[in-house]
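J.: As given, the protein sequences belong to chains A and B, one line each in that order. Take the first sequence: its position 270, counted from the start at 1, is 270 in the UniProt record's numbering, and no numbers get skipped. Take the second sequence: its position 54, counted from the start at 1, is 54 in the UniProt record's numbering, and no numbers get skipped.
Simulated from the structure, these hints should not be mistaken for lab results. Some hints could be false.
[What the hints assert, rightly or not] Here are the computed lysine to aspartate or glutamate pairs in the DMTMM-like style, where the Cα-Cα straight-line distance is at most 20 Å:
id, chain 1, residue 1, chain 2, residue 2
1, B, K95, A, D382
2, B, K251, B, E136
3, A, K390, B, E113
4, A, K390, B, D112
5, B, K95, B, E124
These figures come from a predicted structure and were not determined experimentally.
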Amino acid sequence: MTDLPTDLTRATAADLAGALASKTISSVEVTQAHLDRIAAVDGQVHSYLHVDGEGALAQARAVDARRQSGESLGALAGVPIAVKDVMTTKGLPTTCGSKILEGWIPPYDATVVTKLREAGLPILGKTNMDEFAMGSSTEHSAYGPSHNPWDLDRIPGGSGGGSSSVLASFQAPLATGTDTGGSIRQPAAVTATVGTKPTYGGVSRYGLVALASSLDQAGPCGRTVLDTALLHAVMGGHDPMDSTSIDAPVPPVVEAARAADVRGMRIGVVKELGGEGYQPGVRARFDESVALLEELGAEVVEVSCPNFEYALAAYYLILPSEASSNLAKFDAMRYGLRVLPEGVDAPSAEQVMAATRDAGFGPEVKRRIILGTYALSSGYYDAYYGSAQKVRALIAQDFAAAYARVDVLVSPTAPTTAFKLGDKLEDPMAMYLNDIATIPANLAGVPGMSIPSGLADEDGLPAGIQILAPATKDERLYSVGAALEAALVDRWGGPILDRAPELGGAAAAKGA
Amino acid sequence: MSTVTADAVMDYDEAMTKFDPVMGLEVHVELHTATKMFCGCPTEFGAAPNSQVCPVCLGLPGALPVVNEKAVESAIRIGLALNCEIAQWCRFARKNYFYPDMPKNFQTSQYDEPIAFEGYLDVELEDGSTYRVEIERAHMEEDTGKSLHIGGATGRIHGADHSLVDYNRAGIPLIEIVTKPMVGAGERAPEVAKAYVSALRDLLRALDVSDVKMEQGSMRCDANVSLRPRVGEPTSEEQLAVPLGTRTETKNVNSLRSVERAVRYEISRHAAILDGGGTILQETRHWHEDTGITTSGRVKSDAEDYRYFPEPDLVPVAPTRETVETLRGTLPEPPGLRRKRLQSDWGYSDLEMRDVLNAGAVELIEETVAAGASAAAAKKWWLGEPSRRANAEGQDIVTYAAGLGLTPAHIAELDGLVAAGRLNDSMARQVLDGVLGGEGTPTAVADARGLELVQDDGALEAAVDKVIAANPDVADKIRDGKVAAAGALIGQVMKEMKGQADAGKARELILAKLQ
Chain A
1 MTDLPTDLTR ATAADLAGAL ASKTISSVEV TQAHLDRIAA VDGQVHSYLH
51 VDGEGALAQA RAVDARRQSG ESLGALAGVP IAVKDVMTTK GLPTTCGSKI
101 LEGWIPPYDA TVVTKLREAG LPILGKTNMD EFAMGSSTEH SAYGPSHNPW
151 DLDRIPGGSG GGSSSVLASF QAPLATGTDT GGSIRQPAAV TATVGTKPTY
201 GGVSRYGLVA LASSLDQAGP CGRTVLDTAL LHAVMGGHDP MDSTSIDAPV
251 PPVVEAARAA DVRGMRIGVV KELGGEGYQP GVRARFDESV ALLEELGAEV
301 VEVSCPNFEY ALAAYYLILP SEASSNLAKF DAMRYGLRVL PEGVDAPSAE
351 QVMAATRDAG FGPEVKRRII LGTYALSSGY YDAYYGSAQK VRALIAQDFA
401 AAYARVDVLV SPTAPTTAFK LGDKLEDPMA MYLNDIATIP ANLAGVPGMS
451 IPSGLADEDG LPAGIQILAP ATKDERLYSV GAALEAALVD RWGGPILDRA
501 PELGGAAAAK GA
Chain B
1 MSTVTADAVM DYDEAMTKFD PVMGLEVHVE LHTATKMFCG CPTEFGAAPN
51 SQVCPVCLGL PGALPVVNEK AVESAIRIGL ALNCEIAQWC RFARKNYFYP
101 DMPKNFQTSQ YDEPIAFEGY LDVELEDGST YRVEIERAHM EEDTGKSLHI
151 GGATGRIHGA DHSLVDYNRA GIPLIEIVTK PMVGAGERAP EVAKAYVSAL
201 RDLLRALDVS DVKMEQGSMR CDANVSLRPR VGEPTSEEQL AVPLGTRTET
251 KNVNSLRSVE RAVRYEISRH AAILDGGGTI LQETRHWHED TGITTSGRVK
301 SDAEDYRYFP EPDLVPVAPT RETVETLRGT LPEPPGLRRK RLQSDWGYSD
351 LEMRDVLNAG AVELIEETVA AGASAAAAKK WWLGEPSRRA NAEGQDIVTY
401 AAGLGLTPAH IAELDGLVAA GRLNDSMARQ VLDGVLGGEG TPTAVADARG
451 LELVQDDGAL EAAVDKVIAA NPDVADKIRD GKVAAAGALI GQVMKEMKGQ
501 ADAGKARELI LAKLQ
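Take these sequences, add in the hints, and give me the full structure.
T.: Quick look at the structure:
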């Protein structure tokens with residue numbers, strides 16, 4: 001086991017877990033160190049929507065006590081974690097970055113949160129996100145954007161920019177995410193962190209406030225592939241409360257991450273992902289990574305997935321359609337915001353619903369509700385929703401054909417490095433294009449991961465490489481990811497996040 | 001608030017000379033599974049408001065549905081009993097619309113892929129003939145919550161000061177059974193409608209899938225009615241070829257009698273409009289039990305768009321052939337065949353059997369006979385006072401008896417007391433009165449009220465002697481062979497005995513002494 005750094009927030013989750021298991025440190029110490037870090041830097045980064053210091057310390061004390069009593073604990077017991085605000089947490093606010101849920105305290109825990117609690121991970125707080133996970137920058141959060149620790153004027157990705165920036169600014173060693181079209185992977189790419197979207201059904205959706213039910217998938221976020229695998233193992237597994245949950249054990253992700261072996265694997269480079277529209281520096285780091293994989297003993301071939309071209313269009317019909325229905329429940333009748341219409345005496349339930357939804361939803365949410373309502377309307381259903389489902393089947397066929405030839409596919413995770421806050425806010429299409437490489441995996445339900453591939457030459461900002469595997473073969477992501485990570489870190493001479501600017505002091509002034 | 005005004009109606013018989021009625025019935029049945037359609041909440045009726053709810057049936061953010069396997073089994077059994085095809089693969093769909101008592105603002109239902117389709121139910125009419133009701137589909141869905149509108153005159157949402165919502169009912173499994181257009185019934189359309197709902201109720205009860213209590217809403221009927229010009233006999237080819245008229249849908253017609261009345265009323269109302277050159281508005285109508293009329297609800301138009309799409313939170317329902325065949329093996333004897341068998345076992349005439357059926361007392365009598373009573377006695381007691389009182393209360397006999405704790409075992413016990421000679425008929429009626437009044441079992445009531453035939457022949461003989469002595473003229477008539485005159489003496493003997501004598505025995509004694 002490596003020696004822990006003096007600053008516990010710089011340690012990996014795996015190292016913290018080892019030190020906790022050997023009682024070298026306590027969970028209270030680790031948790032307090034992170035709470036101190038949050039107090040010091042979150043004013044600049046704005047990763048958290050809610051910090052639960054007392055709750056986290058209470059959980060830390062409890063897990064320390066269990067360890068002292070000799071109880072056998074899970075691998076990550078005592079390692080604190082940040083939870084994306086899309087997951088319900090009993091007794092803790094859950095807003096999904098929306099005004100319409102301001103003040104709502106869920107009476108129940110998401111299954112993922114239950115698993116975290118049972119595994120003894122103190123929950124530091126809830127992380128920022130684009131409203132109802134609609135966006136690629138966190139700029140659509142009703143509570144203001146999070147900032148990229150690499151450059152506070154830039155976006156940390158989205159929707160899970162709270163979780164990615166938490167990791168990149170060392171405000172938690174682990175975080176949870178959800179990925180409907182890239183919300184775990186794209187934020188990981190632009191912050192030089194790691195994130196996995198498991199196979200659809202691999203992690204329970206119970207308690208995840210739904211964006212698009214057939215696309216949503218919760219997953220782990222970390223700073224290393226092994227940390228991410230350890231969290232994946234905690235979050236995953238069958239849940240009888242989720243009909244779409246896979247009734248099978250979690251794939252051997254931790255073993256794969258530890259073995260870090262790609263020898264003999266066939267890796268396909270997706271021809272359609274990486275050409276026009278991809279930043280040269282992103283492309284260069286990707287090509288280097290592919291060459292490294294070849295050096296490590298993998299066989300690399302080019303693979304064509306011709307229908308990926310239609311993925312974005314299909315996605316922006318299926319997602320809004322499901323979202324328009326999923327978001328109908330926010331009607332001011334039972335929980336959350338309630339706004340009375342102005343100038344109306346004794347308003348009807350319908351008028352209160354309308355006024356609340358008008359005041360409570362942001363413009364991007366409204367845009368997608370309108371799109372989805374239109375796409376599902378009688379007379380348009382076949383042309384829009386129906387056609388999109390056909391494209392979806394074709395994309396699944398592309399994947400099936402590809403996986404008949406190769407074990408995994410790779411591409412750049414996002415076409416560009418982090419853009420400046422405000423740059424794409426007025427241009428939804430430009431924003432949507434960020435997810436062009438990540439969306440096909442959601443449409444087909446296959447697992448995907450993003451790991452850092454290096455810094456782009458032109459702007460010195462992080463780029464990511466995406467690894468995709470066949471459904472239920474999540475462990476392959478970790479085999480490839482861990483092998484490549486080891487080779488890259490070796491080349492860099494240390495973790496990439498060591499190159500990120502220090503926050504605080506001069507940076508504080510910049511970020512303010 | 002809406003003003004309730006009765007529309008013009010045409011005399012029913014006249015309407016029938018001009019128009020041919022077509023009906024379509026949609027029946028919603030709440031399954032009596034222990035838990036709800038998509039969560040583990042209990043389904044008991046009458047619990048404190050919002051005491052049987054959880055994140056799933058309250059539609060809280062993040063909650064997800066899981067299909068109740070028992071409800072699917074019930075749906076398949078209903079489908080099979082209605083002679084339907086069972087889908088090998090079908091999905092749930094979301095029916096999207098906003099309403100405060102619907103927690104998710106969409107109802108999880110089935111749309112173009114029902115679990116059961118293309119079936120029929122043969123219905124027996126009063127005259128013994130059979131009408132085949134074609135079933136279009138039976139599909140699964142969840143119930144909504146229940147709104148209570150406070151203030152305002154109508155009890156409807158418009159005009160109310162505020163509303164209360166009870167979500168206990170939200171998520172209770174429902175099966176919606178939809179008929180194809182019911183044609184060819186002619187003037188018997190109202191009777192056919194009632195007979196169909198009644199037969200369906202019997203079938204569902206026999207399947208033991210629902211409480212089928214219309215008064216509690218566990219079985220609810222929407223009646224679609226349309227008229228087309230009368231061009232021939234109802235079942236004639238030329239009549240069946242006439243295109244269907246515009247229909248109205250009368251919602252929540254919640255008793256058998258109302259089904260018949262509402263259909264009849266709508267036929268007369270449509271007839272008056274059409275005969276006057278008017279057109280029927282496609283709309284929903286509210287049924288008013290008290291006044292026996294319908295009033296306009298909301299206008300249904302093509303603009304109503306539920307934006308159905310397959311429910312992405314649920315996996316498809318795909319029962320195997322083996323499962324379906326296993327469930328087919330659990331179907332009860334069809335109620336029609338069962339009725340014929342019981343009638344023959346019990347030796348009832350057609351008329352007697354119909355009385356029993358109309359009273360809804362078949363099961364009660366069956367259990368009473370099983371408990372040891374004769375079929376004749378079981379019918380006599382159940383169709384007597386208990387039936388009369390149930391009618392007066394507007395309840396069916398089963399519900400009424402259950403409410404009072406009157407059981408088939410009680411009736412069998414009562415019959416036993418009569419058969420054993422402990423009670424005479426009038427005493428037995430008094431005992432039943434006591435049982436209905438909650439005084440206990442028949443034996444306990446008889447004991448408590450001191451009801452018992454006097455078995456002491458000495459006392460009876462003394463009374464007979466006393467009455468004969470007091471009525472020498474009557475006695476002479478009997479001596480002259482006018483046996484019928486004995487009746488007057490028997491009455492007096494019974495009076496002497498304070499009713500606690502066996503009238504038959506008194507008669508024997510009188511005749512023996514005077515002949």
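J.: Each of the hints needs a verdict: does it hold here or not?
T.: Here's how the hints hold up against the structure:
Between K95/B and D382/A the CA atoms are separated by roughly 17 Å; this keeps the pair inside 20 Å, and the hint holds. Among the hinted pairs, K251/B with E136/B is consistent with the structure: their alpha-carbon atoms are about 19 Å apart, no more than 20 Å. Of the pairs offered as hints, the one joining K390/A and E113/B holds, with about 19 Å between alpha carbons and a cut-off of 20 Å not exceeded. With a CA separation close to 18 Å, the supplied pair K390/A and D112/B stays within the 20 Å bound.
A C-alpha spacing of about 36 Å is found between K95/B and E124/B, which places the hinted pair above 20 Å, so the restraint is violated.
Hint 5 alone, counting from the list given before, is not met by this structure.
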